[in-house]
Amino acid sequence: MMISSELQNKLKTLIDTICFLYFYFDKRNSVSLRASVQLKAYTNTY
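Mind the numbering: the sequence shown is residues 0 to 45 in numbering that gives the first Met the number 0, read in order.
Careful: at least some of the hints might be erroneous.
[Said to hold, decoys possible] Quick list of in silico lysine-lysine cross-link-like pairs, DSS-like style, CA-CA up to 30 Å:
| no. | residue 1 | residue 2 |
| --- | --- | --- |
| 1 | Lys11 | Lys26 |
| 2 | Lys26 | Lys39 |
| 3 | Lys9 | Lys26 |
[What the hints assert, rightly or not] Here are the in silico distance ranges between beta carbons for each label pair:
| no. | residue 1 | residue 2 | range |
| --- | --- | --- | --- |
| 4 | Thr12 | Ala40 | 41 to 47 Å |
| 5 | Gln37 | Gln7 | 41 to 47 Å |
| 6 | Asp15 | Asn43 | 41 to 47 Å |
| 7 | Glu5 | Val36 | 42 to 48 Å |
| 8 | Thr42 | Ser4 | 52 to 58 Å |
| 9 | Ser29 | Glu5 | 34 to 40 Å |
| 10 | Val30 | Leu10 | 26 to 32 Å |
Worth flagging that the hints you see were computed from the coordinates, not collected in a lab. Note that the Cβ used here is the ideal one computed from N, Cα and C, for glycine as well.
Assemble the whole structure, with the sequences as input and the hints as a guide.
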């Protein structure tokens with residue numbers, strides 16, 4: 000099955016966008032998770 004280059008480019012852009020968003024939000028979630036854990040540890044000591 001032949002895929003037109005235009006469609007292939009659109010598909011590649013879509014996949015790149017999904018990957019970017021996934022890693023971006025994944026990074027943000029792990030950072031906020033780490034921050035909340037540190038905050039919990041901080042509040043437990045006092």
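Status of each hint after checking the structure:
1. Only pairs whose Cα atoms come within 30 Å are accepted, and Lys11 paired with Lys26 is accepted, the gap being roughly 22 Å.
2. For a cut-off of 30 Å, the pair hint linking Lys26 to Lys39 stands: about 20 Å separates their Cα positions.
3. A threshold of 30 Å between alpha carbons decides the hint, and for Lys9 with Lys26 the separation of about 26 Å falls inside it, so the pair holds.
4. Here the CB-CB span from Thr12 to Ala40 is close to 42 Å, well matched to the stated 41 to 47 Å.
5. The beta-carbon spacing between Gln37 and Gln7, approximately 45 Å, falls within the hinted interval of 41 to 47 Å.
6. One distance hint, 41 to 47 Å for the beta-carbon pair Asp15 and Asn43, holds here, with the actual separation near 42 Å.
7. Separated by about 47 Å at the C-beta atoms, Glu5 and Val36 satisfy the suggested range of 42 to 48 Å.
8. Thr42 and Ser4 have their C-beta atoms about 57 Å apart, which keeps the hinted 52 to 58 Å range intact.
9. A hinted range of 34 to 40 Å for the beta carbons of Ser29 and Glu5 is consistent with their spacing of about 37 Å.
10. Hint check: Val30 to Leu10, Cβ distance near 31 Å, so the stated range 26 to 32 Å holds.
Hint check: no violations occur; every hint is consistent with the structure.
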